[in-house]
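A.B. asks: One letter stands for each residue in the lines below.
There are 2 protein chains.
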Amino acid sequence: MVASRDDELVLLPLGGAGEIGMNFNAYGYGPPEARQWIVVDCGVLFGREASTPGVDVIMPDISYLAERREDVLAIVATHAHEDHIGAIHYLWPVLRCPVYATPFTAKLIEGKLEEAGLKERVRLHSVPLHGKLKLGPFEIDFVSITHSIPEPNALAIRTPLGVVVHTGDWKLDPEPLIGEITDSNALQKLGDEGVLALVCDSTNALVAGESGSEATVRRALTDLIGTLKGRVAVTAFASNVARLDTVAKAAHAHGREIALVGRAMHKVVEAARATGYLADFPRTVDEEEAAELPPHRVLYLCTGSQGETRAALTRIAAGEHQNVSLGPGDSVIFSSRIIPGNELAIHALHNKLAGLGVEVLSAEDHFVHVSGHPARDELAQMYRWTRPRIAVPVHGELRHMSAHARLARSLQVPQAVTIENGHMLRLAPGRAQVVDETPAGRVHLDGLVLVSEGAGLSRARRSLSFAGMIAITLVLDGKGRVAADPAFVMEGIPEPVHAAVRDAVEGTIRRHNAKRGDEEKLRETVRRAARGAAEDAWGKKPVTRVEVVWV
Amino acid sequence: MVASRDDELVLLPLGGAGEIGMNFNAYGYGPPEARQWIVVDCGVLFGREASTPGVDVIMPDISYLAERREDVLAIVATHAHEDHIGAIHYLWPVLRCPVYATPFTAKLIEGKLEEAGLKERVRLHSVPLHGKLKLGPFEIDFVSITHSIPEPNALAIRTPLGVVVHTGDWKLDPEPLIGEITDSNALQKLGDEGVLALVCDSTNALVAGESGSEATVRRALTDLIGTLKGRVAVTAFASNVARLDTVAKAAHAHGREIALVGRAMHKVVEAARATGYLADFPRTVDEEEAAELPPHRVLYLCTGSQGETRAALTRIAAGEHQNVSLGPGDSVIFSSRIIPGNELAIHALHNKLAGLGVEVLSAEDHFVHVSGHPARDELAQMYRWTRPRIAVPVHGELRHMSAHARLARSLQVPQAVTIENGHMLRLAPGRAQVVDETPAGRVHLDGLVLVSEGAGLSRARRSLSFAGMIAITLVLDGKGRVAADPAFVMEGIPEPVHAAVRDAVEGTIRRHNAKRGDEEKLRETVRRAARGAAEDAWGKKPVTRVEVVWV
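Sequence lines, in order, name chains A and B. 1 is the number of the first residue of the first sequence in our numbering; add one for each residue after it. 1 is the number of the first residue of the second sequence in our numbering; add one for each residue after it.
By construction, these hints were calculated from the structure, which means they are not laboratory data. Computed from a predicted structure; not experimentally measured. Please note: incorrect hints may appear among the correct ones.
Put simply, identical chains are the same to the list, so a pair is met inside one copy or across any two.
What the hints assert, rightly or not - Below, computed lysine-lysine pairings styled on BS3-like, alpha-carbon distance capped at 30 Å:
hint, residue 1, residue 2
1, Lys189, Lys134
2, Lys352, Lys540
3, Lys267, Lys540
4, Lys112, Lys267
5, Lys134, Lys249
6, Lys541, Lys112
7, Lys229, Lys112
8, Lys540, Lys119
9, Lys267, Lys479
10, Lys132, Lys267
11, Lys540, Lys112
12, Lys189, Lys267
13, Lys515, Lys132
14, Lys521, Lys119
Input sequences plus hints: build the corresponding full structure.
C.D. replies: Have a look at this one:
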């Protein structure tokens with residue numbers, strides 16, 4: 001295929017530019033009026049009580065692509081982390097295109113589609129490692145790389161206007177223990193061929209040096225577990241299969257039986273085995289069996305490293321787990337990083353464990369974890385291999401992407417561009433530049449309902465959490481007079497403020513009945529009187545709503 | 001004074017045992033039925049949107065002492081941080097006792113009392129450094145120590161049953177730059193004399209090594225600022241006067257004029273000067289003057305290191321500051337730690353600055369800060385000096401206090417006790433043990449109103465933030481029939497759920513009118529119908545309240 005005169009290659013990030021998570025990048029090729037699209041990754045973010053109360057999952061608003069659904073050729077997943085595949089089963093019904101991924105990733109996507117009742121409808125294709133794919137004007141090579149999950153891939157996306165290397169999440173690990181090492185030959189060859197743009201992970205662009213190898217964690221954890229006497233529980237991300245293997249082998253080395261605790265642990269180990277990994281994973285015992293063993297003969301591998309409310313370790317710490325209990329002399333190792341924003345939840349969990357007399361060991365004071373993302377020396381190595389004309393930092397907050405762009409410039413990359421979700425970046429022809437701004441935003445999974453962030457629902461609830469709510473119902477007769485005492489509901493407001501609000505509203509009503517006036521005006525006057533009284537008595541203005549009933 | 005047969009010495013922590021902040025420790029002496037009390041520190045915690053929405057300030061519930069107000073001899077403040085003095089002006093009216101502090105601390109307490117309209121009523125006594133105090137059975141020596149604020153003091157509390165060393169917040173710094181070095185002679189002499197109990201800061205009990213000296217920060221910041229070209233803003237805790245001095249001198253060394261930005265900066269510099277510190281602080285320029293200077297000739301010293309909503313740096317980053325604006329080529333240095341829980345707010349601020357093209361330098365990637373609390377080697381040194389019979393870790397979460405107690409035991413302290421707020425620990429005679437559990441809890445400053453945490457107000461608002469609110473008003477006639485359409489207020493609930501709730505309620509009302517029944521039953525039936533309909537349609541159960549109006 002050859003480029004026609006009007007062809008352009010564009011990148012449209014709808015997630016992941018400005019946040020770590022919710023990765024969603026669309027590449028478009030063709031003349032502006034007839035572009036064909038592929039989507040790389042389709043992930044979620046998790047809601048937070050402070051910023052998005054009541055929201056479990058956040059995903060990108062993809063209405064721009066929804067309108068061009070016929071031209072969306074495929075979703076290609078780089079690897080199986082939730083922030084890369086977690087939105088597929090929510091958003092697939094909008095795009096209805098085929099999905100491509102390597103076997104382990106495909107296995108986990110399949111599980112999600114099955115739970116969502118979509119398995120029969122989605123054409124999910126398993127691509128072998130080092131596989132190739134042709135999708136319209138795009139030819140894609142899967143390039144093996146290392147990360148904290150099996151089968152991470154960079155994608156070399158070839159188009160008539162040049163090659164884009166989309167790294168996905170990666171690090172350099174000479175001994176990843178599970179899976180292949182980074183295919184530096186392939187990357188170097190791409191560099192020799194000429195890379196138009198490197199679209200690259202920015203997570204650790206503020207971290208000096210290198211991320212370190214899983215093999216060093218294995219040695220350290222093996223030593224550490226050897227020093228522990230009572231029961232040991234280790235919590236890690238279930239998707240970090242190499243770490244699970246590390247922990248299991250470290251346990252085995254010290255004569256401890258391994259019990260998996262938590263649904264995700266079982267699910268991932270099953271998917272890994274089904275796709276050929278963990279062939280020599282030590283045999284596991286079930287929770288009941290483990291409970292019968294002497295303390296120094298058992299190791300629990302648990303979910304809950306982020307202090308998640310319903311995870312195994314949280315229930316163990318609360319003394320609410322059916323089969324696992326820990327106490328004085330026992331230890332818990334947090335073999336994971338703290339995802340920013342989870343500090344208080346994780347430390348609350350540490351405190352609960354400390355309250356049981358359990359000793360807590362974590363990356364804060366022991367070497368029990370390495371990151372899955374490239375620190376600055378690794379980024380520099382990637383730029384040396386690929387030598388792109390354009391650097392496009394993604395997968396980061398603005399502070400990470402800015403630092404990444406500065407690093408790329410310092411490495412003499414001719415152009416480094418920081419972009420925002422919804423900004424369409426033309427990569428070729430010509431100098432990279434933003435050529436369009438499409439609607440971009442977030443969609444919340446709020447309970448069972450998908451709601452646009454713009455609708456302001458969780459923002460409205462944040463207002464309630466700050467100053468509570470007053471609901472007042474007025475009863476009017478046919479002549480517009482107040483015919484009964486109003487009804488008040490006040491929630492989240494201190495008791496002494498209630499009387500002040502009632503008095504103010506009743507005074508307003510008396511004046512209204514003396515003078516009469518229209519309903520709308522009465523409602524607004526009552527609303528203001530109530531809010532004003534609350535503010536005087538309390539210093540805060542509750543959300544206040546006034547309804548009218550006619551009798 | 002000699003101990004009588006029934007005398008006991010007890011420690012009653014009401015804040016700071018289980019959290020870093022809200023320090024409040026009462027020491028009682030005498031027979032159980034007639035103890036006299038002194039209070040060491042009286043601080044606050046700050047509310048958080050996720051856990052205590054709408055709450056600005058949290059302080060201890062001191063109702064136990066309030067009932068014994070006549071026997072509370074004094075509040076003694078160790079130093080001027082908010083978590084040690086911030087509740088004095090709220091709680092003094094409950095205790096109405098004299099307050100003692102060294103001059104700088106007293107100056108800042110005085111400012112708070114003045115703002116609260118209490119200055120004339122409170123007997124606030126300034127104690128000289130190394131001063132002594134006699135309060136009933138207690139004789140107190142102020143022992144100079146180092147920390148991140150001027151005039152930190154440990155207190156040696158002498159009683160007929162032994163000496164307690166209460167460290168307050170401290171570290172070891174051979175070159176604190178402002179104020180005295182730790183009076184190791186005094187501590188060692190106390191150790192020689194025999195220390196009953198060491199009640200000691202646990203903040204950094206999980207941190208290996210030493211905290212490091214302010215002098216090394218001064219050298220590093222001076223070097224770093226020398227490498228920067230455009231405008232420079234540095235944010236630090238205003239109370240860290242040595243750091244303000246460090247930044248000002250580093251600026252001066254590179255020919256930059258210093259402008260203080262933010263109310264707290266001016267207040268602290270003023271208090272420091274009034275009490276004899278900062279005599280050679282470089283002259284400052286005001287914000288307007290600074291705006292006229294060439295970029296490389298100015299340095300702003302700003303409040304806002306924790307991403308606080310109304311602080312100077314937050315307004316600068318939002319482009320909303322009257323006199324200060326930053327842009328490409330400019331730099332901001334965060335010369336402070338991240339207080340746990342503030343990560344997201346601080347990183348949001350970094351992102352805003354990055355969005356302006358400003359380079360952000362912080363303790364995450366540069367050496368620009370040392371902690372004010374003792375790491376493990378410093379704790380060990382303190383134990384070597386004082387050699388207490390009992391170690392009582394305070395000023396920490398359970399995880400810190402547990403680690404601290406383990407460390408103390410490893411240093412052969414005969415007894416190390418972790419305590420909880422409200423637990424009364426008898427220190428003498430005999431082995432230390434909890435002898436009483438008093439009511440302990442928290443009081444929230446919610447708007448202008450003090451509310452007991454136990455009243456559940458902010459918890460009720462958290463429920464609102466999760467699933468919103470439904471308020472329904474039913475109108476009944478004299479015969480108990482529904483006489484008009486009900487009024488609905490639904491807030492924070494997705495639109496499609498509203499109709500489901502209305503339909504369910506209207507169906508319930510029709511059945512009621514057919515059969516009649518009592519009001520209470522109707523309310524409950526309607527409430528359940530509404531919540532059930534919301535749960536079916538949305539998967540969440542809003543807070544639901546039903547009121548009745550009679551016509």
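A.B. asks: How do Lys541 and Lys112 come out at 30 Å by Cα distance, when the copy is not named: within, between, both, or neither?
C.D. replies: between (44 Å within a copy, 26 Å between copies)
A.B. asks: Can you tell me if Lys189 and Lys267 fall within 30 Å by alpha carbon in one copy, between copies, both or neither?
C.D. replies: Neither: 37 Å inside a chain and 62 Å across chains, both beyond 30 Å.
A.B. asks: Is it within, between, both or neither when you check Lys521 against Lys119 at 30 Å Cα-Cα?
C.D. replies: neither (56 Å within a copy, 47 Å between copies)
A.B. asks: Please work out whether the CA atoms of Lys352 and Lys540 approach to 30 Å or closer within one copy, between two copies, in both situations, or in neither?
C.D. replies: Between copies only: 28 Å across chains, 35 Å inside a chain, cut-off 30 Å.
A.B. asks: Taking 30 Å as the upper bound on the Cα-Cα distance, should Lys540 and Lys119 be classified as within, between, both, or neither?
C.D. replies: between (51 Å within a copy, 27 Å between copies)
A.B. asks: Cα distance capped at 30 Å. Does Lys189 pair with Lys134 within a copy, between copies, both, or neither?
C.D. replies: Within one copy, since 20 Å is at most 30 Å while 81 Å is not.
A.B. asks: At 30 Å max between alpha carbons, let me know whether Lys515 reaches Lys132 within a copy, between copies, both or neither.
C.D. replies: neither (80 Å within a copy, 71 Å between copies)
A.B. asks: One pair to classify: Lys267 and Lys540, alpha carbons no more than 30 Å apart. Within, between, both, or neither?
C.D. replies: Result: close only across copies, 27 Å inter versus 48 Å intra.
A.B. asks: With 30 Å as the alpha-carbon cut-off, assign the pair Lys112 and Lys267 to within, between, both or neither.
C.D. replies: within (11 Å within a copy, 57 Å between copies)
A.B. asks: Between copies, within a copy, both or neither: which fits Lys540 and Lys112 at Cα up to 30 Å?
C.D. replies: This pair counts as between: shortest inter-copy Cα distance 22 Å, intra-copy 45 Å.
A.B. asks: How would you classify Lys267 and Lys479 at a CA-CA limit of 30 Å: within, between, both, or neither?
C.D. replies: neither (67 Å within a copy, 60 Å between copies)
A.B. asks: Taking 30 Å as the upper bound on the Cα-Cα distance, should Lys229 and Lys112 be classified as within, between, both, or neither?
C.D. replies: The answer is neither: 40 Å in one copy and 52 Å across copies each exceed 30 Å.
Checked against the numbered hints above, the structure breaks hints 5, 7, 9, 12, 13 and 14 and satisfies the rest.
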